[in-house]
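Produce the entire structure from the sequences given, and follow the hints as far as they go.
Spelled out from the first residue to the last, the chains are:
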Amino acid sequence: MQRAILSKKNYIMFVSAILIAIGFTSALAFKNEAVAVWALAIASVLGAAPIAIQAYQALKVKVVSIDVLVIIAVAGAFIIRNFEESAIVTFLFLFGAYLEQRTLNKTRSAIKELTEMAPESALKQMENGEFEEVDVDEVDVGDIILVKTGMKIPVDGTVLSGEGSINEASITGESLPVSKEKGSQVFAGTILDNGTIQIAADRVGEDTTFGKIIELVEEAQDSKSEAERFIDRFSKYYTPAVLVLGILVGIISRNFELAIIILVLGCPGALVIGVPVSNVAGIGNGARHGVLLKGSEVIGDFSRLDTMVFDKTGTLTAGNPSVAEQEYYGDNIPEALGYLASIENESDHPLAKAILEKIGETTLSTVENTEVVKGGGITATVNGHRIAVGNVAMMEREEVVLSEQAKADIARMERNGNSLVLTSVDRRLKILMGIRDQIRPGVKEELRRLRRLGVKNFVMLSGDNQGTVDAVSQELGLTEAHGNMLPEDKAAYIKKLIEEEGQIVAFVGDGVNDSPSLALAQIGIAMGSGTDVAIETSDVVLMNSNFSRLPHALGLAKATARNMKQNIAIAIGVVLFLLSAVFFSEWMNMSIGMLVHESSILVVILNGMRLLRYKLR
Amino acid sequence: MKTATIQLETLTCPSCVQKIENAIKSLAGVEKESIKVLFNSSKAKFNFDDEKLSVEDVEKAITDLGYEVKRSQVKSK
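Respectively, the protein sequence lines represent chains A and B.
For the first sequence, the numbering used here gives the first residue as 285, with consecutive numbering after it.
For the second sequence, the numbering used here gives the first residue as 97, with consecutive numbering after it.
Keep in mind that a hint or two might mislead.
[Unchecked claim] Pairs of lysine-lysine, DSS-like flavour, derived with a Cα cap of 25 Å:
id	chain 1	residue 1	chain 2	residue 2
1	B	Lys171	B	Lys98
2	A	Lys390	B	Lys166
3	B	Lys139	A	Lys496
4	A	Lys292	B	Lys98
5	B	Lys141	A	Lys508
6	B	Lys171	A	Lys396
If you're looking for bench data, these hints aren't it; they were derived computationally from the structure.
None of these values were measured; they are calculated from a predicted model.
Written as structure tokens, this is what we have:
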């Protein structure tokens, strides 16, 4: 019976709306009071039934819920024969709950989309060698699984045979297909775009990378900050307090109507629901954009960020040296480039690769009489020409005369943090190349956006030498940059920033070498390409190591934190407004109170929903 | 000791988390500190002593409150 009534709640709401309409038309249009009274009384009883059941169930487990407040108020209105009020209040309460359910589902949709990507079935090899479709829970480590085109990979595993290309968007956020062959790793939740593969299950269920991501997001959306736990504790006592207040007001003022109005006005709905709604929408938005924010505590800290620390040069640079600048002197340059390539082709010097990459296609000639000059370079004979390749000291040794123009170029390239490689042909300078580890494309713009979002300092702590670090720092305009740093130096530096300077620090790292720093900083940001360590040790995970997600992550955290504050303000503001209106105004009654109260709940949900569409401008 | 995760119908009302939490808390054999009712993911998680009660008992307590139980999962600790 109870369940039957609760499950027909929407139906009851509809009938009660019609009865209310009948009641009001007969009273206002036909002046037929008797019909009006009956219609409204029936509407009240009908509408009150599900609320009464919920109130009873709540009291049974010793909770004074909103339902309890509302049902007492409605019963009170009914007793003093104010059927208009009792009918409208019950209807509004039911209608509000219905709208809340619809809109709340929307705010949770982003995370739902993610969890629904989880694989459900698998083609498992049975004892007789045949493949049979089974539930994904029945797959164990070591099982052999067949995956056909268009199917989801059910487990983390290794390809045993076959080949195909896989869309790994659910793990990395990148939609470009990745080709897999025997021995490749595949991940649960990714989709085989084409091909057929057999895989051995390495990790199943919640142990898979995808399983971990889902678990993390699910936990994050319900994790609570200190402030929220306070609100929770507060609301536990708040509702009973409103009940007591209503009774006290009734006894002191001897005004029964005022007492029941207070019960309705004091409902705490928006306060309880406001923050979780912002939280789930913000985290959901992040999950869609390859940013995992681990809960509202993280969002709070992250939104107040002062300093962002980068763990190494490679986070900001491409990670391999390349020719950044070059100058040519005189004629016959193509020949000179050919000679240079011929010599570098035989060298295993780290810069040789960068030079060869730069020159590209060319004619290689035989190299003779190669002589390596320590700390200088190489001399050799190519096609009968004497070639010297090396630094400035090498050129001096070779008695190459440098023009004023060349000297100026050298000074400029050195200033820009390049390692210089000069090439002379028959003791004449032909080529000057500046080689350095270049800034990743887009990083400059992203740092500018981060700065606009309020990050005050950018610090780089790197294991590279100070020269390289300074060059990168200068080009990007970092606040500070320190080279020659060991992991423990970095941790000490972060500790100093936090403890002595009171800053809120985010540490951006790959999560493997620098876990002490990741843990020390208030916000550890892992640029993990779906690696477990990164996912577990950090507070914010950027999927697929995508630096460009960083501004979005910060912007989103700020927007979410702001959204939570707005919702708290709306909730408290509405209650204060209602309570003061009841004492200082004439027009306040139960129906208006319920209307405002339910609207405030909808407003906080709709406000939270804005976060789903958040995009960094 | 076992750990149970119960997937509930979508929770939407502000006070239902508190109701469900209290309902589970009142059962003997459930570790009180371990009870977590998650509002957004609409799940209840808790540890319990499987010699004192079964997960079905908890499910019944929740259905009696008027909430639908979608599925539950029990794992040994």
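Point to revise | Structure-inconsistent hints, enumerated in ascending order | key: 4
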